[in-house]
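Undergrad: Protein chains in written order, with the numbering used here: chain D, 1 to 296; chain F, 1 to 271; chain A, 1 to 326.
Since the hints were derived computationally from the structure, they do not count as laboratory data.
Do not rely on the hints blindly, as some may be mistaken.
[Stated by the list, open to error] Partner residues are not named here, just some residues of chain F that face chain A (Cβ under 7 Å, in silico):
(1) 83
(2) 84
(3) 86
[As the list claims (entries may be wrong)] Beta-carbon label-pair distances, calculated as ranges:
(4) 37(A) - 176(F): 41 to 47 Å
(5) 98(D) - 35(F): 33 to 39 Å
(6) 3(D) - 237(F): 46 to 52 Å
(7) 207(F) - 246(D): 45 to 51 Å
(8) 31(D) - 67(A): 51 to 57 Å
(9) 120(F) - 64(A): 54 to 60 Å
(10) 5(D) - 269(F): 15 to 21 Å
(11) 79(A) - 18(F): 30 to 36 Å
(12) 9(D) - 116(A): 35 to 41 Å
[Unchecked claim] In silico EDC-like links for lysine to aspartate or glutamate, alpha-carbon gap of 16 Å or less:
(13) 15(F) - 101(A)
(14) 15(F) - 95(A)
(15) 308(A) - 227(A)
(16) 144(A) - 95(A)
(17) 271(F) - 79(F)
(18) 78(D) - 114(D)
(19) 271(F) - 89(A)
(20) 271(F) - 13(A)
(21) 157(D) - 123(D)
(22) 15(F) - 79(F)
(23) 131(D) - 91(D)
(24) 50(F) - 146(F)
All C-beta atoms in this analysis are idealised placements derived from N, C-alpha and C, irrespective of residue type, glycine included.
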Amino acid sequence: MSARLRTIAVLGVVGIGLALSALTLHARDERYTLPGTSEHLMYLRSDRAASRVMLSFKAIAADVYWIRAIQHYGRERKEGGRFDLLQPLLDLTTTLDPRFNIAYRFGAIFLSMDPPNGPGRADQAIALLKKGLDANPARWQYAHDIGFIYYWYTTDKDSAAQWFEQAARMPGAPSWIRPLAATTLVEGGNRAGARAMLFELRNSEEKYVRDAAERSLSQLTALDDLDALNLLLAQYAARHDGTYPASLIELMHASGYPQLPLDPARVPYAYDPASHTVSVSPQSPLNPMPKGFRPK
Amino acid sequence: MTLRRIGTVALHVFKETVRDRVLYAIAAFALLLVAASVLIGQITAGQDVKIIKDLGLATIELAGILITVFIGVGLVAREIERRSIFSLLAKPLPRWEFVVGKYAGLVLTVAVNIAAMTVALYLMLAWMNWTSPVNVQRSWDAPAVDPRLLISVLLIFAEMALLTAIALFFSTFSSSALWSVVFTLGFFVAGLESEDLRNFGNIVDAPFMAHIVSAIGWIVPAFSAFDVKIQVVHGIHVPAGYVMHTLLYAVLYIIVAIAAAIGVFSRREFK
Amino acid sequence: MATVVRTDHLTKDFSTGFWRPRPLRALDGLSFDIPAGGVFGLLGPNGAGKSTTLKLLVGLLWPTSGRAEILGRPPGDAHAHQRLGFLPENPTFYDHLSAVELLVYFGGLFGLRGADARARAARVLDLVGLDEPSRRRPLRTYSKGMVQRVGLAQALVNDPEFVMLDEPMSGLDPVGRREIRELILRLRDEGRTVLFSSHILSDAELLCSRVGIIAHGRLVATGSVADLASAGDRGQGWEVVVSSLPAGIVDRLGPRVRRSTAIADGRYSLELAADVRPEPIVAELSAAGAMLVSVAPLRTTLEDVFLKALGTPADPGSRTSDGGRP
Numbered sequence: 001m002s003a004r005l006r007t008i009a010v011l012g013v014v015g016i017g018l019a020l021s022a023l024t025l026h027a028r029d030e031r032y033t034l035p036g037t038s039e040h041l042m043y044l045r046s047d048r049a050a051s052r053v054m055l056s057f058k059a060i061a062a063d064v065y066w067i068r069a070i071q072h073y074g075r076e077r078k079e080g081g082r083f084d085l086l087q088p089l090l091d092l093t094t095t096l097d098p099r100f101n102i103a104y105r106f107g108a109i110f111l112s113m114d115p116p117n118g119p120g121r122a123d124q125a126i127a128l129l130k131k132g133l134d135a136n137p138a139r140w141q142y143a144h145d146i147g148f149i150y151y152w153y154t155t156d157k158d159s160a161a162q163w164f165e166q167a168a169r170m171p172g173a174p175s176w177i178r179p180l181a182a183t184t185l186v187e188g189g190n191r192a193g194a195r196a197m198l199f200e201l202r203n204s205e206e207k208y209v210r211d212a213a214e215r216s217l218s219q220l221t222a223l224d225d226l227d228a229l230n231l232l233l234a235q236y237a238a239r240h241d242g243t244y245p246a247s248l249i250e251l252m253h254a255s256g257y258p259q260l261p262l263d264p265a266r267v268p269y270a271y272d273p274a275s276h277t278v279s280v281s282p283q284s285p286l287n288p289m290p291k292g293f294r295p296k
Numbered sequence: 001m002t003l004r005r006i007g008t009v010a011l012h013v014f015k016e017t018v019r020d021r022v023l024y025a026i027a028a029f030a031l032l033l034v035a036a037s038v039l040i041g042q043i044t045a046g047q048d049v050k051i052i053k054d055l056g057l058a059t060i061e062l063a064g065i066l067i068t069v070f071i072g073v074g075l076v077a078r079e080i081e082r083r084s085i086f087s088l089l090a091k092p093l094p095r096w097e098f099v100v101g102k103y104a105g106l107v108l109t110v111a112v113n114i115a116a117m118t119v120a121l122y123l124m125l126a127w128m129n130w131t132s133p134v135n136v137q138r139s140w141d142a143p144a145v146d147p148r149l150l151i152s153v154l155l156i157f158a159e160m161a162l163l164t165a166i167a168l169f170f171s172t173f174s175s176s177a178l179w180s181v182v183f184t185l186g187f188f189v190a191g192l193e194s195e196d197l198r199n200f201g202n203i204v205d206a207p208f209m210a211h212i213v214s215a216i217g218w219i220v221p222a223f224s225a226f227d228v229k230i231q232v233v234h235g236i237h238v239p240a241g242y243v244m245h246t247l248l249y250a251v252l253y254i255i256v257a258i259a260a261a262i263g264v265f266s267r268r269e270f271k
Numbered sequence: 001m002a003t004v005v006r007t008d009h010l011t012k013d014f015s016t017g018f019w020r021p022r023p024l025r026a027l028d029g030l031s032f033d034i035p036a037g038g039v040f041g042l043l044g045p046n047g048a049g050k051s052t053t054l055k056l057l058v059g060l061l062w063p064t065s066g067r068a069e070i071l072g073r074p075p076g077d078a079h080a081h082q083r084l085g086f087l088p089e090n091p092t093f094y095d096h097l098s099a100v101e102l103l104v105y106f107g108g109l110f111g112l113r114g115a116d117a118r119a120r121a122a123r124v125l126d127l128v129g130l131d132e133p134s135r136r137r138p139l140r141t142y143s144k145g146m147v148q149r150v151g152l153a154q155a156l157v158n159d160p161e162f163v164m165l166d167e168p169m170s171g172l173d174p175v176g177r178r179e180i181r182e183l184i185l186r187l188r189d190e191g192r193t194v195l196f197s198s199h200i201l202s203d204a205e206l207l208c209s210r211v212g213i214i215a216h217g218r219l220v221a222t223g224s225v226a227d228l229a230s231a232g233d234r235g236q237g238w239e240v241v242v243s244s245l246p247a248g249i250v251d252r253l254g255p256r257v258r259r260s261t262a263i264a265d266g267r268y269s270l271e272l273a274a275d276v277r278p279e280p281i282v283a284e285l286s287a288a289g290a291m292l293v294s295v296a297p298l299r300t301t302l303e304d305v306f307l308k309a310l311g312t313p314a315d316p317g318s319r320t321s322d323g324g325r326p
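Next up, chain D with everything else stripped away, as it sits in the complex (with noise of 0.2 Å):
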C-alpha cells in the first residue's frame, strides 16, 4: 500500500471510528440508565471519608462536585425533579474547599428559590451559609444573604433583621446595611427597604446573584401594580354599588386607560370576576410570588 493510501486509510478509519464510537456510547446511555448512578455521584458518602481520601486534591474535587451540583440543578429544573442531591453537593463542595465563595452564594439562593425553580429549602440555604461564615468569619456577606433569606423566602422578620445587625457590625460592611436592619425591625416586611436592598444585590460580582435581584424586584414591581390594580377595583365598586368589573379591560376603560396592564414579564395581570381579585397571571415567569409580600 503505498504512503499516500495508508495515511487516508488510517485517517479514515480514525474520524469514523470515533464517530462510531461517540455514537455507541450515546446510544448506551440513551437506551439504558443504571440504577444506582445517583449513588454514584456520591461515591464517597461521608464528606469526612471524601476529605480523607482526596488530600491534595480536595480543590480540584470541589470544582468537579461543584460542576456537578450546576449541573444537577440544570437537569432536575429542566425535567422538574425535585432537587434531592442539591444540598449534599453543595455540602461536599464546601467539605472539600472552605474557601468556596460562590458555592456558598449562589447554593443559598438556589436552594431557597421554591418549586419548580427549587427545592425551596430556606432552612437548608441558611444552613450553608452558616457553615461559610464558619469557616469564613470575616464575610459580612454570608451574614447578609442569611438577612436576605429570612427576609424574603420567610416570615420571619425578626431573624432577618438580627442578621442584617450581624452583617452590619462585621469589618468591611457597608454602610448602608445598618438602615437595613433598622428598617426591617421596624416596619417588617416593608417594600422599599427590600428594594433598596435588591438595588445592591443587583451590582453584585457573582451573575446569579443579579439575576435573582433582578427577578425579585419585577417581583416587587408588580405587587405594587396588584396594589393600584385593587384600588382601582375598589374605586369601581364604589362608583357602581358595590358591583365588580367583568374583566380586566372593562376595568381599565371605566377607569380611563386605554391598555390592558402587562406585569414586568409583559404577561397580562389575572382577574377572578367571581371573587374579583387581581393576581400575577399563573403562566407568568414571575411566579411563585415571595412568600413574604402580599398586595396590600
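Based on these hints, arrange chains F and A on the given structure of chain D.
TA: Showing chains F and A alone in chain D's frame:
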C-alpha cells in the same frame, strides 16, 4: 503466515513481560491490598463483603492500569530506544504486524493477570461466605460468591484493553518511554472525567471554550463508562444490552487507537 | 537474480533540529549496482553514509528522493526480507533472552517452527562459534564479541541469499576478526552474496571482489578491486629496499629512482620509475656499499585508491572503472 508472525511477536511480548520484575511488584501490591481488605472486613460488621468486593474490584482495575502504563508503554518505546528494533524490522515482518503483535501480547498479559486476581478474589469471597453465619449472610445485598462480579471484571478488562491500545499509540510516536507514560496517564485521567468535560458547555459562558472542552470530552476515551462496580456489588441488575454497547464502544475505540498507531509507526524512521 | 541491489540517484536528507532551515544531506545521488555472488565492500570514512545506505536498503529509513531495489523488490518488502540477512552496527537484542531463544524467536518470524527452528539455531550458532553453555545464558551476560557473533547468527538463521553486514568487525579482537573474515569467505563460497560496510581497508582488500567508496554522502569510486588498483598511477614499477643509503648514490641514480623514503631500522625504500629494471640499480647500489634487503614489484593498494578518491570530491557517480553508473 500473518497470524503466525503476529502470534510469534505476541508470545515474545508475553514472555518478556512475565520476566519483567515490575510485574511482580504490581502483583505483590495487589495482594497486599486484597489482604488489607480482609482485615478491614473483619472490623466493620455486615458491610465486610461489600468492602472486599469494592476493594477487590478496585484493585483489579488499579493493577491493570499499572501494568498497562508502566510495562505497556515501554513496549515499543524501549525497543526503539535500545535499537533492538533494527534487526527485528529486517525480518519479513510488516510494520503493522509488529504493532498488532505487541498489542496482542500485552493484552494477553493483562488478561492473565486479571484472571489470576479474579480467581483470588473469588477464593476470598468463598472463604468469607464459609465463615459467616447465616443471619449475616442474609443481610448482604448480594451473595458473596456472586457471578455478577464477572460483569464488572469483563468491563474492567475491556477498559484495560482500551488503555493498552492508547499506551501503545503513544509508545509508537514518542521517542522516550517517559513521555509516553505522561501522555497515557493524562489521557486516562481526562477519560475518567470525560462525562464532565462533555457537559462543560452547560456551565461555561464562553461558547468557544465550551466547544473545545466538549470536543475533548467526546474524543477522549470515556474510561468512566466501564465502571459498574457499584451496581454489581449491590446486586443491581446490569442489562446485557448495556454491556454489549460498552464492549462495542471499546472495540471501536481500540480499532481507532491501533489504526493510528499503525499509521504513525509505518512512517517512522530509525536513525 | 542477476542484481541483488540497485540504487538510482538515492538521496537522503536529515532535518537538523527545529530552527535550522537547511537539512543535512547524508546521501547525494547514489547510483550503483551489486551483482549476485561475491563480496561487495562499501567503504568510506566514518560519517560518510555507509550505515545510512544500508538502513535505506533495509527499510529503516525512507529516501528523500531516488530509488532503491533489494532482491528486485522495494526496501522493506517482506518477500525480500525472507531471503535477506542483516547485521546492524553495534547490535543490541533482548537482554532477557538467551542466544538460542533469540534465534528461535527470529526463526519463527521466518516460518520456522519447533524442532526445525531449534535445529537451525544450533547449526547457525555452531557456525559463528558460540559455545554450548554460553548460548543458553541470557544475552545480558554476553561480552561484545559474543553479541557480535549472535548478531551474525541471527543474520544467517534464515539461510539467506543476500547478507548485509554493517561494520561486522567492530569490537572484535584479531582472532574474532579472522574468524569473521573466514566466515564471509565461506558464505561467498556457498554462493551467497555478501555486502559489508567498513572503514578498515585491509579487510576489504582481502575479502572483496568489488567495492564502492563513499565519502560525504557521494559515491566516489566503484568497481572490482583489481580494476581500481590497475587504474591507479603507481602503474608497473619496482621497489628496492636497502639497509643503508650511501651518500650521493641517489643523485647518481638520477631520474631512474622516482622516490626514496626512509623507513624503519635505518632502511630505505627506493621506488623505481616505470619501465626501469631493478637489476642494474641493484648492482650499482651494491657497488656503492648498500646492503640489499628486498626487491619487489609495486602495487597500487586499495588504500591508495581510497585516499586518491577522497582527495578528489568528484561529481556523483564519476570516477568509475567498471560497473558504476555514469
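Undergrad: Compare the structure with each hint and give your call.
TA: Hint check:
Against a cut-off of 7 Å between C-beta atoms, the interface hint on residue 83(F) holds, since the closest Cβ of chain A lies about 5 Å away. Nearest Cβ of chain A to the Cβ of residue 84(F): about 5 Å, under the 7 Å cut. The hint holds. At a threshold of 7 Å, the smallest CB-CB gap from residue 86(F) to chain A is about 4 Å, leaving the interface hint in force. In this structure, residue 37(A) and residue 176(F) meet the distance hint of 41 to 47 Å, their C-beta atoms being roughly 44 Å apart.
Range check, residue 98(D) to residue 35(F): about 36 Å between beta-carbon atoms, so the 33 to 39 Å window is met. Checking the proposed 46 to 52 Å range against residue 3(D) and residue 237(F) shows it holds: the Cβ atoms sit about 50 Å from each other. Checked against the hint of 45 to 51 Å, the C-beta distance between residue 207(F) and residue 246(D) comes to roughly 50 Å, which is consistent with it. For the pair residue 31(D) and residue 67(A), the supplied restraint of 51 to 57 Å holds, since their beta-carbon distance comes to about 55 Å.
Checked against the hint of 54 to 60 Å, the C-beta distance between residue 120(F) and residue 64(A) comes to roughly 56 Å, which is consistent with it. Between residue 5(D) and residue 269(F) the beta carbons are some 19 Å apart, a value that agrees with the proposed interval 15 to 21 Å. Separation of residue 79(A) from residue 18(F) is about 33 Å and conforms to the stated range, judged on CB atoms against 30 to 36 Å. About 36 Å separates the C-beta atoms of residue 9(D) and residue 116(A), a value consistent with the hinted range of 35 to 41 Å.
Using a Cα cut-off of 16 Å, the hinted pair residue 15(F) and residue 101(A) holds, with the two alpha carbons roughly 11 Å apart. This hinted pair checks out: residue 15(F) and residue 95(A) have alpha carbons roughly 12 Å apart, not beyond 16 Å. Distance hint between residue 308(A) and residue 227(A) is fulfilled; the C-alpha atoms sit about 15 Å from each other, no more than 16 Å. A hinted pair counts as satisfied when its Cα atoms are at most 16 Å apart, and residue 144(A) with residue 95(A) qualifies at roughly 13 Å.
With a C-alpha separation of about 13 Å, the suggested pairing of residue 271(F) with residue 79(F) holds against the 16 Å cut-off. Only pairs whose Cα atoms come within 16 Å are accepted, and residue 78(D) paired with residue 114(D) is accepted, the gap being roughly 15 Å. This hinted pair checks out: residue 271(F) and residue 89(A) have alpha carbons roughly 11 Å apart, not beyond 16 Å. Under the criterion of a C-alpha separation no larger than 16 Å, the hint pairing residue 271(F) with residue 13(A) is consistent with the structure, at around 12 Å.
Proximity of residue 157(D) to residue 123(D) is assessed by CA-CA distance (about 14 Å); at most 16 Å being required, the pair is judged to hold. For the proposed pair residue 15(F) and residue 79(F), the alpha carbon gap of about 15 Å is at most 16 Å, so the pair holds. Under the criterion of a C-alpha separation no larger than 16 Å, the hint pairing residue 131(D) with residue 91(D) is consistent with the structure, at around 9 Å. Note on residue 50(F) and residue 146(F): the hinted pairing holds, with a Cα-Cα distance of about 11 Å set against a maximum of 16 Å.
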